[in-house]
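Peer 1: Residues per chain, in single letters:
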Amino acid sequence: DVKVTQSSRYLVKRTGEKVFLECVQDMDHENMFWYRQDPGLGLRLIYFSYDVKMKEKGDIPEGYSVSREKKERFSLILESASTNQTSMYLCASSFGRGDYGYTFGSGTRLTVV
Amino acid sequence: RKEVEQDPGPFNVPEGATVAFNCTYSNSASQSFFWYRQDCRKEPKLLMSVYSSGNEDGRFTAQLNRASQYISLLIRDSKLSDSATYLCVVKMEAGNMLTFGGGTRLMVKP
Numbered sequence: 061d062v063k064v065t066q067s068s069r070y071l072v073k074r075t076g077e078k079v080f081l082e083c084v085q086d087m088d089h090e091n092m093f094w095y096r097q098d099p100g101l102g103l104r105l106i107y108f109s110y111d112v113k114m115k116e117k118g119d120i121p122e123g124y125s126v127s128r129e130k131k132e133r134f135s136l137i138l139e140s141a142s143t144n145q146t147s148m149y150l151c152a153s154s155f156g157r158g159d160y161g162y163t164f165g166s167g168t169r170l171t172v173v
Numbered sequence: 517r518k519e520v521e522q523d524p525g526p527f528n529v530p531e532g533a534t535v536a537f538n539c540t541y542s543n544s545a546s547q548s549f550f551w552y553r554q555d556c557r558k559e560p561k562l563l564m565s566v567y568s569s570g571n572e573d574g575r576f577t578a579q580l581n582r583a584s585q586y587i588s589l590l591i592r593d594s595k596l597s598d599s600a601t602y603l604c605v606v607k608m609e610a611g612n613m614l615t616f617g618g619g620t621r622l623m624v625k626p
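In order, the protein sequences belong to chains R and L.
Throughout the first sequence, residue numbering follows our numbering, covering 61 to 173 in sequence.
Throughout the second sequence, residue numbering follows our numbering, covering 517 to 626 in sequence.
Keep in mind that the hints are not guaranteed to be accurate.
Chain L regions said to be covered by chain R (calculated; three or more residues, Cβ under 8 Å) [stated by the list, open to error]: (1) 543-552; (2) 556-564; (3) 613-621.
Simulated from the structure, these hints should not be mistaken for laboratory data.
Predicted model only: the values in this text are computed from it and were never measured.
Cβ coordinates follow ideal geometry from the N, Cα and C atoms, glycine included.
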């Protein structure tokens with residue numbers, strides 16, 4: 061089974077801190093994605109990457125950046141955490157053109173205080 | 517108009533009932549279709565792909581109507597463990613991206 065592993069299940073950070081969320085997949089998938097999920101708003105795409113060192117903005121990139129130095133790892137960075145970034149963050153990966161769907165990590169519930 | 521629309525529910529049904537969810541999508545050139553299941557505070561997991569001819573997996577049947585641009589999921593003989601949010605997912609014509617609906621919440625009661 062494909063595994064997508066997110067480094068932390070729960071995280072509490074202070075306003076203004078720089079926050080790193082790590083995601084690693086073990087099946088050589090080209091495509092990786094970062095979403096946030098909030099009640100009533102569904103899944104919203106933050107950033108995605110189709111290849112090493114490549115990144116594209118999703119629907120809500122403001123306040124976030126990403127890094128993909130290795131194929132298996134896709135990091136989401138909150139440059140200066142704010143309370144409105146309190147959310148569930150989900151990483152996903154997929155193979156090829158996405159015709160087999162995505163596999164999600166178990167999520168990181170981030171609270172910014 | 518949202519690209520993938522679902523009735524958010526909740527659908528409250530008794531155990532053993534048959535329940536159906538529909539989902540509409542806006543892009544007629546969409547290529548691939550899926551249903552995902554998401555339990556409370558967990559990640560979405562692929563339930564089944566949806567094929568043009570319709571497909572079945574145990575108690576679950578998925579149908580695709582390209583002419584009307586909708587997808588359906590039928591659950592027969594509902595179990596308590598089917599309680600979850602069901603996400604309709606569509607792959608648009610180009611690129612590798614999936615578009616997610618907002619989800620339909622199902623609650624199966626004893």
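Peer 1: A separate judgement is required for each hint: does it hold in the structure or not?
Peer 2: Going down the list of hints, with the structure as the test:
1. 543-552: Coverage by chain R holds for the segment 543-552 of chain L (4 residues, Cβ < 8 Å).
2. 556-564: holds (count 6)
3. 613-621: Coverage by chain R holds for the segment 613-621 of chain L (6 residues, Cβ < 8 Å).
In this structure, none of the earlier numbered hints is contradicted; all agree with it.
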